[in-house]
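Visitor: So the sequence lines, in the order shown, correspond to chains A and B.
Take the first sequence: its position 35, counting from 1, is numbered 35 in my numbering, and each next residue is one higher.
Take the second sequence: its position 237, counting from 1, is numbered 545 in my numbering, and each next residue is one higher.
Quick caveat, the hints were computed from the structure, so don't treat them as lab data.
Each hint should be verified, as a subset may be incorrect.
[As the list claims (entries may be wrong)] The calculated lysine-lysine pairs, modelled on DSSO-like cross-linking and capped at a C-alpha distance of 27 Å, are: (1) K131(A) / K168(A); (2) K319(B) / K117(A); (3) K554(B) / K79(A); (4) K315(B) / K127(A); (5) K319(B) / K108(A); (6) K154(A) / K315(B); (7) K554(B) / K140(A); (8) K315(B) / K140(A); (9) K182(A) / K108(A); (10) K237(A) / K285(A); (11) K120(A) / K554(B); (12) K218(A) / K22(A); (13) K237(A) / K227(A); (14) K131(A) / K554(B); (15) K108(A) / K79(A); (16) K319(B) / K131(A); (17) K319(B) / K79(A); (18) K128(A) / K154(A); (19) K315(B) / K128(A).
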Amino acid sequence: MRNLISINELSKTYTGGFQALKDINLNIRDGEILALLGPNGAGKTTLISIICGIITPSAGSVYVDGYNIIKDFRITRSKIGLVPQELTTDSFESIWNTVTFSRGLFGKPSNPAHIEKVLKELSLWDKKDNKVMELSGGMKRRLLIAKALSHEPKILFLDEPTAGVDVKLRQDMWQLVGDLRKSGVTIILTTHYIEEAEEIADRVGVINKGEIVVVEEKTELMRKLGKKQLTLELFKKLEAIPKHLSPFNLELAREGSQLIYTYDTQAERTGITTLLGELHDASIKFKDLSTTQSSLEDIFVALVKDEQ
Amino acid sequence: MNLYAIKAIYKFEMSRTMRTLFQSVVSPVISTSLYFVVFGSAIGSRISEIEGISYGSFIVPGLIMLSLITQSLANASFGIYFPKFTGTIYELLSAPVSFIEIIMGYVGASATKSILLGLIILATAELFVPIRIAHPYWMMLFLVLTALTFSLFGFIIGIWADNFEKLQIIPLLIVTPLVFLGGSFYSISMLPPLWQKINLFNPVLYLISGFRWSFYEISDVSITLSLSMIMIFLGLCLATVWWIFKTGYQVKQ
Ligand SMILES: Nc1ncnc2c1ncn2[C@@H]1O[C@H](COP(=O)(O)OP(=O)(O)OP(=O)(O)O)[C@@H](O)[C@H]1O
Ligand SMILES: [Mg+2]
Numbered sequence: 001m002r003n004l005i006s007i008n009e010l011s012k013t014y015t016g017g018f019q020a021l022k023d024i025n026l027n028i029r030d031g032e033i034l035a036l037l038g039p040n041g042a043g044k045t046t047l048i049s050i051i052c053g054i055i056t057p058s059a060g061s062v063y064v065d066g067y068n069i070i071k072d073f074r075i076t077r078s079k080i081g082l083v084p085q086e087l088t089t090d091s092f093e094s095i096w097n098t099v100t101f102s103r104g105l106f107g108k109p110s111n112p113a114h115i116e117k118v119l120k121e122l123s124l125w126d127k128k129d130n131k132v133m134e135l136s137g138g139m140k141r142r143l144l145i146a147k148a149l150s151h152e153p154k155i156l157f158l159d160e161p162t163a164g165v166d167v168k169l170r171q172d173m174w175q176l177v178g179d180l181r182k183s184g185v186t187i188i189l190t191t192h193y194i195e196e197a198e199e200i201a202d203r204v205g206v207i208n209k210g211e212i213v214v215v216e217e218k219t220e221l222m223r224k225l226g227k228k229q230l231t232l233e234l235f236k237k238l239e240a241i242p243k244h245l246s247p248f249n250l251e252l253a254r255e256g257s258q259l260i261y262t263y264d265t266q267a268e269r270t271g272i273t274t275l276l277g278e279l280h281d282a283s284i285k286f287k288d289l290s291t292t293q294s295s296l297e298d299i300f301v302a303l304v305k306d307e308q
Numbered sequence: 309m310n311l312y313a314i315k316a317i318y319k320f321e322m323s324r325t326m327r328t329l330f331q332s333v334v335s336p337v338i339s340t341s342l343y344f345v346v347f348g349s350a351i352g353s354r355i356s357e358i359e360g361i362s363y364g365s366f367i368v369p370g371l372i373m374l375s376l377i378t379q380s381l382a383n384a385s386f387g388i389y390f391p392k393f394t395g396t397i398y399e400l401l402s403a404p405v406s407f408i409e410i411i412m413g414y415v416g417a418s419a420t421k422s423i424l425l426g427l428i429i430l431a432t433a434e435l436f437v438p439i440r441i442a443h444p445y446w447m448m449l450f451l452v453l454t455a456l457t458f459s460l461f462g463f464i465i466g467i468w469a470d471n472f473e474k475l476q477i478i479p480l481l482i483v484t485p486l487v488f489l490g491g492s493f494y495s496i497s498m499l500p501p502l503w504q505k506i507n508l509f510n511p512v513l514y515l516i517s518g519f520r521w522s523f524y525e526i527s528d529v530s531i532t533l534s535l536s537m538i539m540i541f542l543g544l545c546l547a548t549v550w551w552i553f554k555t556g557y558q559v560k561q
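Please model the entire structure based on the sequences and the hints provided.
Guide: Structure representation (structure tokens):
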């Protein structure tokens, strides 16, 4: 797939002297959904804000569809829709007017039919004449999405779109994101909910302390970094792990009735056969066994911890 | 040039005016009427005429200028300060618009609003005193130039201000005194000589003088001087705006 956004050696130092981004290199592909994961203060919003033109970079460059975001800002910005993290809205305007305003601001001639479509997709149609301040938090979030979609962008940035959104709405939102992607829109979203990234993204980027730790196909990432766990349900509770089994780094759980072995799927040998052999020799019997793969969340926590 | 954006900003700002129609229009009309009661009747009964014009009629151009200047400053500074305050400025910053287009939208809307207001005050004044406009085109020119200049000035204040106090301080501490000193309610020749000299440094004096000339053909300074002064002030505001644009001062991180 073609690169749609290329970020080269991007750095940002805020006026106070704090360096929020350090030499970021990242390519975003045409038509993909990229999830940016990272703890609070990692630099996700800063990165997005630079691409959208809200913050000026200290060094480095960003190209959108081949155009420089500073020199050709009119072209790049008209391709981008942004849903900010903070719920910032005009309180006194009507829904219809705010969304129409956004479309005009982005240089598109008025098109009531499109605005109607967007408002309907986001279940805001029956509120179109209400004032913004009469909306609930979740509705305001949807309004921000409607504003971002008002000018038919090719690229959509969603900065923590699901913060403060209920389960039903979250599902609707993912439905919409899926539909947008099918229509060819490239989507970059940040989230703290790792299940979300796992569910919806094609690729996952992990960012921590202003640096990209890893960017990888979601499945690849889980395969590469994924740890598997073998859980053995023991017949008899164990007081302690026998000495000669210590090389396996076993864990004892459920008051000694469970034995957990963590292994790397990528390793030459997983060590399972040897372990089972040793257990047999030690006459430790088990009634059941199961394996689980670590989730993106575990991977994420491990990655971020390594950095510290 | 992103004309759709200019139009969108302009319409948005105008609809804000419409929403706040009461404050925007009714309160200046009421305060103008009060000025007539206080200055026109109370003082006017003692000062019967200035250079052949009845006192009530004499103060009309000054009153309009007073409203025009304070309203232009308030509209434009608030118009751009508010999105900064609420955070909705993110949209303006991420849109394919240049600083010039943003200014045209905000300053245009602010100037339109204060010109309309000036005309409404003029119409209100007609109810109280006889008014003659000797040079209507000149009058409109002064009206438009003043509204534009002070809307630009207001825009600059709105960009510079990072709290509500800063937003209020320049209009309150500098502009309002200058307007009162500048001969809204009297002819400069009525001041003591020292104050007359000091007042020559007051840009508002030239505006009021020129504006009054377009009504009654009486002025404190020559009309060319008045016009030059407002052009200089407009030029200064444009230059400041250009500098803000170049440095991105206080708008972007
Ligand atoms: N205007 C600013 N001035 C100075 N420092 C800032 C500014 N904005 C953000 N920062 C700092 O930059 C760092 C990155 O912030 P950013 O908002 O990009 O994080 P984030 O990854 O979006 O976090 P979160 O998940 O909490 O939204 C933080 O340490 C923050 O304190
Ligand atoms: Mg953030």
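Visitor: With reference to the structure, classify each hint as holding or not holding.
Guide: Outcome of the hint check:
no. : hint              : result
1   : K131(A) / K168(A) : holds (24 Å)
2   : K319(B) / K117(A) : holds (23 Å)
3   : K554(B) / K79(A)  : holds (25 Å)
4   : K315(B) / K127(A) : holds (25 Å)
5   : K319(B) / K108(A) : holds (15 Å)
6   : K154(A) / K315(B) : holds (24 Å)
7   : K554(B) / K140(A) : violated (35 Å)
8   : K315(B) / K140(A) : holds (25 Å)
9   : K182(A) / K108(A) : holds (23 Å)
10  : K237(A) / K285(A) : holds (10 Å)
11  : K120(A) / K554(B) : violated (42 Å)
12  : K218(A) / K22(A)  : holds (24 Å)
13  : K237(A) / K227(A) : holds (26 Å)
14  : K131(A) / K554(B) : violated (37 Å)
15  : K108(A) / K79(A)  : holds (11 Å)
16  : K319(B) / K131(A) : holds (17 Å)
17  : K319(B) / K79(A)  : holds (23 Å)
18  : K128(A) / K154(A) : holds (25 Å)
19  : K315(B) / K128(A) : holds (21 Å)
Going through the hint list in order, the structure does not satisfy hints 7, 11 and 14.
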